[in-house]
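What the sequence shown shows, in my numbering, is residues 9 to 258, in sequence order.
The hints are simulated quantities; they were obtained by calculation from the structure and are not laboratory data.
Be careful, since some hints might not be right.
Claimed, not checked - For lysine to aspartate or glutamate, the following EDC-like pairs were computed, each having C-alpha atoms within a straight-line distance of at most 16 Å:
1) K26 - D143
2) K35 - E153
3) K35 - D93
4) K146 - E30
5) K229 - D193
6) K26 - E142
7) K68 - E46
8) K140 - E177
9) K26 - D67
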Amino acid sequence: MLLILITNDDGINSEGIKCLKEKLSQKHEVYVVAPDRERTCSAHSITLHKPLRIVRHSDKVYSTNGTPADCVVLGIRCVLQKRPDLVISGINGGPNMGQDIFYSGTCAAAREGAFLGIQSLSVSIDGRERLKYEDAAKVILRIVEIIEENSLPKGVFLNVNIPNIRYEEVRGFMITTPGFRIYEDVVIERVDPRGKKYYWIGGATDRFKPKKGTDFFAVSKGYVSITPIDAYIDESRSQNLVKKIFGRLS
């Protein structure tokens with residue numbers, strides 16, 4: 009039995025985190041420490057300049073007024089007061105693939121766990137409506153069983169994206185790399201009742217063909233995408249390329 013800390017960026021009242029807790033609690037000791045409101049696209053922000061508070065909702069279920077990354081820190085330091093065996097962030101309502109990983113509070117919480125040397129997962133469903141959280145939770149329970157038997161490499165977290173289909177329809181697991189898609193950012197300008205301008209940032213994606221081996225490709229084919237992410241940012245390949253460019257200047 010593992011000690012598992014669960015968080016998310018959709019907030020304490022989201023269906024995804026409730027389904028995940030219920031499923032994992034069948035075999036493991038599970039604590040929930042999640043934001044008290046939606047924190048989508050909060051990335052890896054940490055709260056430094058205002059007080060953070062923890063509210064107990066029920067046995068082993070807490071919320072904070074902080075970010076997803078805050079929740080991991082507070083969950084470990086203040087709620088559990090010891091290291092969990094596993095940090096799981098999710099289940100997010102919507103995918104986190106490609107460059108979404110940089111924007112996502114869901115992924116950031118898992119990254120924070122990896123920073124602290126704890127095995128961590130971020131979990132998302134590739135869908136926007138009628139999300140099959142219970143089926144996704146079954147997938148995660150299976151992944152947790154595998155991790156329990158085989159530890160993850162230190163400093164690596166897994167970004168898991170699950171197709172929005174029934175558990176029985178999942179074709180298997182595919183180890184992937186992050187794909188890439190182009191967002192068309194849309195900025196909508198409006199005027200409030202006092203005559204002052206305000207803005208909404210939105211965006212849509214271009215139609216694109218997922219590259220084989222990427223997270224987008226796996227999910228589009230009915231597979232669970234498991235993308236290992238190095239939290240320590242090993243950029244040795246890029247570093248060597250840049251050294252060639254700037255080496256003659258030194």
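#### Entry: Unsatisfied constraints (hint numbers, rising)
5 and 7
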